Every structure is written in structure tokens, then in C-alpha cells.
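Enquirer: Below, each chain spelled out in residue letters.
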Amino acid sequence: MNKSAHAFVNQVLIGTLMMICFSGSLGLGTVWLRQQISLEANRNKQFEARLAEVNRRLDETAAAIAAAQSPEALKRRNDEWHLDLVPPREPQIVRVAGDVEQRLTAKNRARLFAGEGAATVTAVVYRPEGGR
Amino acid sequence: MSRGFANYRIALVVVAILTSFAGVGARLVSLHVLQREKFLSYIEKAREEIIVQNARRGDILDAHGSLLATSRPLIVLGADPQAMRREDQAKWPALARLLGLSPAELEKKFAEKKHSAAETDEADGDAPSPDAADGHEVRWVKLGDGITESTYDQIKALNVRGIYGNRIYARAYPQNELAAHVLGYVNGEGEPVTGLERYLDFYLRGQNGWLETERDGLRRELAQFRSRDVAPADGYDAVLSIDASVQNMVEQELKLIADKYHPAKATIIVSDLRPDHAGFLLALGNWPTFNPNDYGHAGLAAQRNIAITDQYEPGSTFKIVAASAALNDGLVTPASRFDCTLESVEYKGSIRRLPREDASDHFDHPLSVAEIIAKSSNKGAAQLAMLLGDQKFYDYVRAFGFGQLTGFPAGGEVDGELAPPSKWDGLTITRIPMGQSIGVTPMQMHCAMGVIASGGYLLRPQLVKEIRDADGSVVYRFAPVVKRRVLSESTARTMAHLLEGVAMTDGSGTAPEAAIPGFDVAGKTGTAQKLVPVVDAKGRSVLRYSDRHHVGSFVGFFPATNPQVAITVIVDDADASVPGGVAYGHIVAAPSFKRLGEQLIPYLNIQPPAAPVRPQFAMEGGAQ
Numbered sequence: 069m070n071k072s073a074h075a076f077v078n079q080v081l082i083g084t085l086m087m088i089c090f091s092g093s094l095g096l097g098t099v100w101l102r103q104q105i106s107l108e109a110n111r112n113k114q115f116e117a118r119l120a121e122v123n124r125r126l127d128e129t130a131a132a133i134a135a136a137q138s139p140e141a142l143k144r145r146n147d148e149w150h151l152d153l154v155p156p157r158e159p160q161i162v163r164v165a166g167d168v169e170q171r172l173t174a175k176n177r178a179r180l181f182a183g184e185g186a187a188t189v190t191a192v193v194y195r196p197e198g199g200r
Numbered sequence: 189m190s191r192g193f194a195n196y197r198i199a200l201v202v203v204a205i206l207t208s209f210a211g212v213g214a215r216l217v218s219l220h221v222l223q224r225e226k227f228l229s230y231i232e233k234a235r236e237e238i239i240v241q242n243a244r245r246g247d248i249l250d251a252h253g254s255l256l257a258t259s260r261p262l263i264v265l266g267a268d269p270q271a272m273r274r275e276d277q278a279k280w281p282a283l284a285r286l287l288g289l290s291p292a293e294l295e296k297k298f299a300e301k302k303h304s305a306a307e308t309d310e311a312d313g314d315a316p317s318p319d320a321a322d323g324h325e326v327r328w329v330k331l332g333d334g335i336t337e338s339t340y341d342q343i344k345a346l347n348v349r350g351i352y353g354n355r356i357y358a359r360a361y362p363q364n365e366l367a368a369h370v371l372g373y374v375n376g377e378g379e380p381v382t383g384l385e386r387y388l389d390f391y392l393r394g395q396n397g398w399l400e401t402e403r404d405g406l407r408r409e410l411a412q413f414r415s416r417d418v419a420p421a422d423g424y425d426a427v428l429s430i431d432a433s434v435q436n437m438v439e440q441e442l443k444l445i446a447d448k449y450h451p452a453k454a455t456i457i458v459s460d461l462r463p464d465h466a467g468f469l470l471a472l473g474n475w476p477t478f479n480p481n482d483y484g485h486a487g488l489a490a491q492r493n494i495a496i497t498d499q500y501e502p503g504s505t506f507k508i509v510a511a512s513a514a515l516n517d518g519l520v521t522p523a524s525r526f527d528c529t530l531e532s533v534e535y536k537g538s539i540r541r542l543p544r545e546d547a548s549d550h551f552d553h554p555l556s557v558a559e560i561i562a563k564s565s566n567k568g569a570a571q572l573a574m575l576l577g578d579q580k581f582y583d584y585v586r587a588f589g590f591g592q593l594t595g596f597p598a599g600g601e602v603d604g605e606l607a608p609p610s611k612w613d614g615l616t617i618t619r620i621p622m623g624q625s626i627g628v629t630p631m632q633m634h635c636a637m638g639v640i641a642s643g644g645y646l647l648r649p650q651l652v653k654e655i656r657d658a659d660g661s662v663v664y665r666f667a668p669v670v671k672r673r674v675l676s677e678s679t680a681r682t683m684a685h686l687l688e689g690v691a692m693t694d695g696s697g698t699a700p701e702a703a704i705p706g707f708d709v710a711g712k713t714g715t716a717q718k719l720v721p722v723v724d725a726k727g728r729s730v731l732r733y734s735d736r737h738h739v740g741s742f743v744g745f746f747p748a749t750n751p752q753v754a755i756t757v758i759v760d761d762a763d764a765s766v767p768g769g770v771a772y773g774h775i776v777a778a779p780s781f782k783r784l785g786e787q788l789i790p791y792l793n794i795q796p797p798a799a800p801v802r803p804q805f806a807m808e809g810g811a812q
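Protein sequences, first through last, are from chains E and P. Under this note's numbering, read the first sequence as residues 69 to 200, first letter to last. Under this note's numbering, read the second sequence as residues 189 to 812, first letter to last.
FYI, nobody ran anything at the bench for these hints, they're computed from the structure. Computed from a predicted structure; not experimentally measured. Among the hints, a few may not be true.
[As the list claims (entries may be wrong)] Distance ranges between label pairs, derived from CB positions: (1) E/Ile133 <-> P/Ser610: 58 to 68 Å; (2) P/Leu406 <-> E/Phe76: 50 to 60 Å; (3) P/Lys448 <-> E/Ile133: 50 to 60 Å; (4) E/Ala120 <-> P/Val202: 53 to 63 Å; (5) E/Phe76 <-> P/Arg215: 42 to 52 Å; (6) P/Val663 <-> E/Lys175: 42 to 52 Å.
[Unchecked claim] Each computed DSS-like pair below joins lysine-lysine, with the alpha-carbon atoms no more than 30 Å apart: (7) P/Lys611 <-> P/Lys718; (8) P/Lys344 <-> P/Lys279; (9) P/Lys611 <-> P/Lys580; (10) E/Lys143 <-> P/Lys296; (11) P/Lys302 <-> P/Lys279; (12) P/Lys344 <-> E/Lys113; (13) E/Lys113 <-> P/Lys296; (14) P/Lys302 <-> E/Lys113; (15) P/Lys448 <-> P/Lys718; (16) P/Lys279 <-> P/Lys296; (17) P/Lys580 <-> P/Lys671; (18) P/Lys330 <-> P/Lys301; (19) E/Lys143 <-> P/Lys443; (20) P/Lys302 <-> P/Lys344; (21) P/Lys301 <-> P/Lys344.
Ideal placement from N, C-alpha and C gives every residue a C-beta, glycine not left out.
Please take these sequences and the hints and turn them into a complete structure.
Expert: Below, the structure written as C-alpha cells:
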């Protein structure tokens with residue numbers, strides 16, 4: 069075999085080895101990539117499962133809270149714990165006319181300065197319709 | 189070793205490698221090109237799968253956001269008797285306790301290792317063969333179908349082999365019977381059967397999503413091969429105008445009526461009259477009722493929403509129609525008087541017999557229109573209708589919404605019975621005004637009273653205020669719907685004032701029991717005889733008005749001068765439990781109106797018409 073023939077065989081050999089290395093690394097790369105995709109997909113699946121789990125727990129808890137807050141359940145608790153809570157009746161209700169804030173402010177002011185006005189007593193006026 | 193031999197070996201290796209590659213290539217071509225379709229179809233069949241992702245059904249909430257109907261996860265628990273281990277036997281009592289079964293019951297389930305021969309044949313679709321030996325192995329025994337997540341966690345913690353759970357989303361009604369007839373229910377197959385569950389199914393149902401994916405040989409999903417992932421769109425939530433607290437008041441009142449009077453059935457409707465809320469129902473309850481969580485054990489009669497599905501003769505409550513119509517057409521004034529002692533009157537050229545008054549009513553003077561209403565005179569109502577004439581009176585009856593559907597959203601509504609004037613006999617014009625010869629539903633009667641309360645408008649009764657998406661954003665908001673104007677505002681105001689006379693406590697009205705101290709109540713009682721089948725002289729079964737079976741009712745609203753809430757109470761056939769044997773509306777229904785009204789005043793912050801004048805003195809000035 070002459071020199072040029074050797075060189076050709078060597079080139080083919082090297083080329084083949086390089087191709088094997090290249091395709092091998094390409095294959096390995098693909099496998100690695102697929103593995104990563106698989107891992108990521110499984111991780112996403114687990115997150116989804118956890119999210120679904122949390123949503124299920126939320127739904128169950130919401131239903132349980134609603135059941136515990138139902139008028140029937142609250143009434144039962146009222147009886148069990150002897151709270152004797154009852155809704156207010158009309159005679160117990162005093163409706164406040166006018167601005168509530170001003171009324172409370174005036175009341176507070178009157179309490180704060182109660183001592184100062186003790187010396188001067190103004191005339192008392194009786195009004196048949198009531199009110200202050 | 190000669191160089192030629194080495195070169196020969198190298199060439200051989202190269203050829204071998206290339207041949208191998210060629211072989212692999214050929215095989216790949218064969219698999220991926222030549223036999224592609226064959227293998228692809230096989231793989232698709234074996235590995236590809238479409239997984240449906242169920243959308244969550246939307247919730248139904250009351251006006252304040254309390255859950256009335258929701259979807260919650262439940263676990264259907266089962267066991268594979270073949271997989272049970274002897275060493276787990278010590279855990280069985282704990283498992284039985286969690287499942288609410290006795291240990292013996294649980295052991296019996298685990299002992300079912302094989303189906304009976306008959307069961308096996310049945311499953312195979314064959315007739316049971318007497319000579320069949322043993323059946324198939326049992327791989328699934330149901331242990332329970334309503335297991336909660338928390339219980340399932342405890343079961344899993346026991347680590348009993350062979351126990352499996354399948355998750356399902358089941359419809360739950362946390363408030364049990366509350367508003368059962370309004371809500372309806374969803375059956376075991378997930379199909380809405382009645383009520384708003386059915387009516388709002390389009391909004392509540394949502395849209396299922398799906399996954400196109402692949403599974404491995406052990407049927408595990410290979411998430412990396414998901415080719416399409418369409419997320420489910422959860423159903424919308426519906427916010428009702430129903431207030432759970434008001435609904436509870438109504439249902440407690442119905443229970444009270446049921447315990448006290450043992451009626452065949454009873455209905456209470458409460459609706460809002462406040463501006464921007466007019467026509468929306470705050471509560472609707474019926475007796476008998478049922479628990480939608482346990483609909484399988486409720487009879488069909490208990491499931492019926494009798495407020496819209498059952499019709500009755502309204503009796504005196506219907507007198508509001510003739511009186512309002514005559515006033516609206518200017519034919520009479522509240523002071524116009526009618527002789528209510530007459531036995532008959534001439535109408536359209538012939539003598540018409542007027543209906544009898546109640547036995548207790550003996551009027552010694554002609555009654556004004558105001559008195560006809562307050563004292564509920566049958567003869568007076570008949571004369572008012574005759575003033576209008578057949579057609580005009582019929583038109584008003586229709587205008588008030590009778591003989592047609594109210595448009596109530598939850599289905600099953602009937603339109604009642606109202607014959608056109610062409611089909612009336614000589615007495616019909618005297619009977620319909622007093623609420624006979626006509627069939628109405630409680631909802632129609634409630635809406636008719638609403639015409640007077642709302643200033644002359646017929647409103648559509650509504651239950652749904654808003655539709656919200658899963659994020660809570662409002663998708664659609666419902667507003668009050670005015671169907672038509674029936675009366676002028678002044679006529680409605682006059683009628684409201686006249687109806688105040690019914691609940692007067694001075695004895696001038698028929699229902700002082702409905703009066704609420706400090707508030708002006710407008711309303712009307714009704715005591716309608718029921719048509720019951722009797723056998724006549726010829727042995728035929730005919731319908732006759734009974735003296736022992738009545739429908740007692742009270743329909744009203746308050747405050748009369750500034751209506752905030754309308755209440756209808758209808759009690760059917762409570763006569764047997766009432767002293768005297770007649771279930772008058774003022775006995776069985778008016779007290780319920782009052783009790784409900786008194787509870788609603790603080791709850792809805794209904795203000796009295798004017799501040800009550802209290803005889804008191806207050807000190808002004810001076811030192812404190």
C-alpha cells in the first residue's frame with residue numbers, strides 16, 4: 069500500500085471515530101436533555117398535584133367553615149355553651165338621630181370638663197318631647 | 189507484523205463498523221419509515237391517553253357571601269381483598285372506627301375474596317349457570333363513599349396494604365335544609381335536578397380541560413410527553429339575594445307553624461322593597477322541606493317548591509285586585525259606599541246572586557271601599573268588580589300577573605288558572621273578586637301585593653344578584669326588572685293606606701294579629717275554602733267547597749308609607765289543629781307575619797315611619 073493510500077485509510081478511520089464521538093455525544097446530549105425534560109415535567113406534575121391538594125383542602129375547609137357558621141350550628145352552640153344570645157327586639161333599640169360622631173364627641177367633652185362647669189349652674193328647661 | 193496485514197485489519201474493522209451502522213440504519217428505516225404506521229398505531233393505543241381535567245362547579249353564595257352550595261372533595265374508599273396482609277389485621281379495628289363500621293362488618297368485606305358464580309355470570313352478561321364453580325377474584329370492595337380528606341389522611345397513616353381511594357368532587361350544601369327549594373340539588377351523576385342548580389347550570393358548570401399525554405407500561409403518566417394541556421375553566425359563582433339569616437328566620441317560623449298547626453303544607457316568601465333591591469327575594473321557604481345533602485331520602489312532595497309549583501284559591505287576599513282596579517280607573521274613591529247586605533244585584537241585564545259574607549260579618553250600614561278592604565267584604569268586592577265589567581276586571585287581573593308565569597328563575601313554575609271572560613258563567617264576576625274560581629301560586633299573590641308596595645309596578649321576582657368568576661370579579665350583575673306599570677303611584681299609595689286598616693288593633697280590621705307596634709303594616713288576610721272531592725247523590729265524585737279545609741294566608745308589607753319588605757305567609761289545611769276548626773288567615777298566618785316583621789326590623793334596620801313620641805322629659809343644661 070502506498071503512502072497516499074495509508075493517509076486515506078487513516079483519514080477515514082479518524083473521520084469514522086470522530087463521527088462516532090460526535091454522534092455519541094449528540095446521543096448522550098439528547099438523552100441528557102430528555103432526562104432533564106422528564107425531571108422538569110415530573111417536578112411540574114408534582115407541583116400541580118400539590119396545588120390540587122391545597123385547593124382540595126381549601127374547598128374542604130371552606131365547606132366545614134360554612135357548615136360551622138350556619139344559623140343552625142350557631143344556634144346549637146348558643147344552647148350548648150349557655151350563651152343565651154338572642155336578637156334585639158324593637159323596644160330595646162334606641163335609634164340615634166343626627167351625626168353619631170358629633171354626639172360622641174360632645175358626650176366625651178362633657179365628661180372631660182364636667183368639673184369645670186360645676187360652679188355655674190344654668191337654668192333647667194323641661195321639654196315635653198324629650199331630647200337633649 | 190507486516191504493514192499490509194495491519195492495514196487489512198484496519199480496513200476490516202472500518203467495514204465492520206460501517207456495516208453495523210448500515211444495519212442499524214436499515215433497521216431504523218424499517219422501523220421509522222417502512223413500518224411506521226403499524227408501530228405508531230400500536231404505540232398510540234398502548235401509551236397515548238387523554239386525561240379529562242374536571243372543572244370545579246361554582247359555588248352558590250347568599251347575599252353576604254355565606255356558602256349555600258359548594259363542591260368539596262370526597263374519597264370513595266375501597267379495598268383489594270387479594271392484597272390484604274395478615275400483619276395488618278391489628279390495624280383493622282382502627283380502620284373500622286375511622287370508617288364508622290364495626291370491626292365485624294369490615295372483616296366481612298375483606299373476606300369477600302371471590303365473586304359468587306351468579307355475580308360473575310351477571311357481570312359477563314350471561315345467565316347465571318347453576319354448574320358454575322367459583323367466580324372471578326374480587327379486586328375492589330367499596331368501604332365508603334363520603335370519606336373526607338382529613339379522614340383519608342388518617343387512613344393512609346395506618347398504612348394498611350390494599351386500601352385505595354378515588355377522589356371525586358361532590359356537591360355539598362353546608363347549611364343543610366336552608367333554602368333547599370331555592371337551591372335544588374345536583375344528583376350523584378353530577379346532573380343538576382332542580383332549583384337554581386339547574387337554572388344556573390350554564391354558569392356554574394364550568395368547562396372541563398384535558399391532557400394529551402402518554403403512560404408507561406405501569407400506567408404511570410409520562411409527564412414529559414404531554415403534547416397538549418388545556419386547563420379547565422372553573423364554573424362561575426352565583427351570589428343570591430337570599431339572606432341566610434332571613435331564610436333561617438323564615439324556616440324557623442315554618443317549623444313553628446308545622447309544630448303548632450300540622451298543616452298539609454305552608455309557604456313563606458320575604459322580598460326586598462328597598463330601592464335598587466326591589467323584587468329581589470330575601471327568603472323563600474316551604475313546609476315540608478328536605479335536606480339536599482340527603483335528597484335520596486326525601487319524597488317528591490317535600491322536594492317541590494310549592495311557592496311556584498302549587499296553585500290555590502287565594503280567597504280574600506285577592507280583593508286587593510278589584511279594589512285597586514276600581515280606584516285606579518276612578519270609578520270609586522275610598523269613601524264610596526256599597527250596600528253589602530244585598531243578596532243579589534242586577535248586572536248586564538240579569539240578576540246575579542252575590543256571595544255570602546262570613547258568618548260573623550253583619551254590616552248594619554253601607555260599607556266604604558276602605559271598610560270593604562278592612563272588613564274583607566265579599567259582596568263589596570264583587571260589586572267593585574262589576575263596576576269595572578268582565579273584560580276590564582280580567583285585564584286588571586292579568587296586569588297584576590295572574591294567569592301567567594312570574595318569571596321566577598328556579599324552574600317548575602306554573603301559571604295558575606284564569607279563564608278568559610268568554611268562558612265565565614253568570615257567577616264568575618262575583619266569585620273571582622273574592623278569590624274563588626281562580627288558581628294562583630303563592631309567588632303570584634306575593635308579586636301582586638308587591639304592585640301596591642312598589643308604587644304600582646309589577647316586578648319580576650329575582651333570586652340572583654351577581655355572577656362572579658373564580659377570581660371574584662363580577663361577570664354579570666342583575667338589576668330589578670319592572671314588567672309593567674299596573675297602578676298609578678297615587679292609587680298604590682291610597683291602597684297601601686287602605687290596607688293599613690286590615691292590621692288595625694282597634695278591632696276595625698280583620699288581622700290585628702299582624703300589627704307591629706310602632707310600624708304601619710299594610711296587608712290582607714285570606715281564608716279560602718278548599719275544593720275537596722265528595723260523592724254526590726248519584727254516586728259521582730265531584731269537587732265541593734269544604735267548611736273544614738281552608739287555606740289561611742296573610743300577604744302584606746311594612747312600613748306602609750315607606751315599604752321596605754313584603755312578607756307572604758300561606759298555611760294550607762291547618763283546620764284540624766285550630767280551635768273552632770277553621771284555619772283563618774288571621775289565626776294561622778298573621779301572627780307569623782308579625783313575628784317575622786319584628787325580627788326583620790332590627791336585622792334590616794327598618795326605620796319606623798316617624799320617631800315615636802315618647803312622653804318624657806329631658807333636662808337641658810345644668811351641671812352633670
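Enquirer: All hints are to be evaluated individually against the structure, with a verdict given for each.
Expert: Okay, the hints, checked on the actual structure:
1. E/Ile133 <-> P/Ser610: 58 to 68 Å: holds, 59 Å
2. P/Leu406 <-> E/Phe76: 50 to 60 Å: holds, 52 Å
3. P/Lys448 <-> E/Ile133: 50 to 60 Å: violated, 34 Å
4. E/Ala120 <-> P/Val202: 53 to 63 Å: holds, 57 Å
5. E/Phe76 <-> P/Arg215: 42 to 52 Å: violated, 29 Å
6. P/Val663 <-> E/Lys175: 42 to 52 Å: For P/Val663 and E/Lys175 the Cβ distance comes to about 47 Å; the hint holds.
7. P/Lys611 <-> P/Lys718: holds, 22 Å
8. P/Lys344 <-> P/Lys279: holds, 11 Å
9. P/Lys611 <-> P/Lys580: The given pair, whose Cα atoms are some 15 Å apart, holds under the 30 Å limit.
10. E/Lys143 <-> P/Lys296: violated, 41 Å
11. P/Lys302 <-> P/Lys279: holds, 23 Å
12. P/Lys344 <-> E/Lys113: Given pair P/Lys344, E/Lys113 holds - Cα atoms ~21 Å apart, limit 30 Å.
13. E/Lys113 <-> P/Lys296: Between E/Lys113 and P/Lys296 the Cα gap is close to 38 Å, so the pair fails against 30 Å, i.e. violated.
14. P/Lys302 <-> E/Lys113: violated, 37 Å
15. P/Lys448 <-> P/Lys718: holds, 20 Å
16. P/Lys279 <-> P/Lys296: Between P/Lys279 and P/Lys296 the Cα gap is close to 15 Å, so the pair holds against 30 Å.
17. P/Lys580 <-> P/Lys671: holds, 19 Å
18. P/Lys330 <-> P/Lys301: Cα-Cα ~13 Å, so holds.
19. E/Lys143 <-> P/Lys443: Judged against 30 Å, a Cα distance of about 15 Å means the pair holds.
20. P/Lys302 <-> P/Lys344: Satisfied, since the Cα-Cα distance of roughly 25 Å is no more than 30 Å.
21. P/Lys301 <-> P/Lys344: holds, 22 Å
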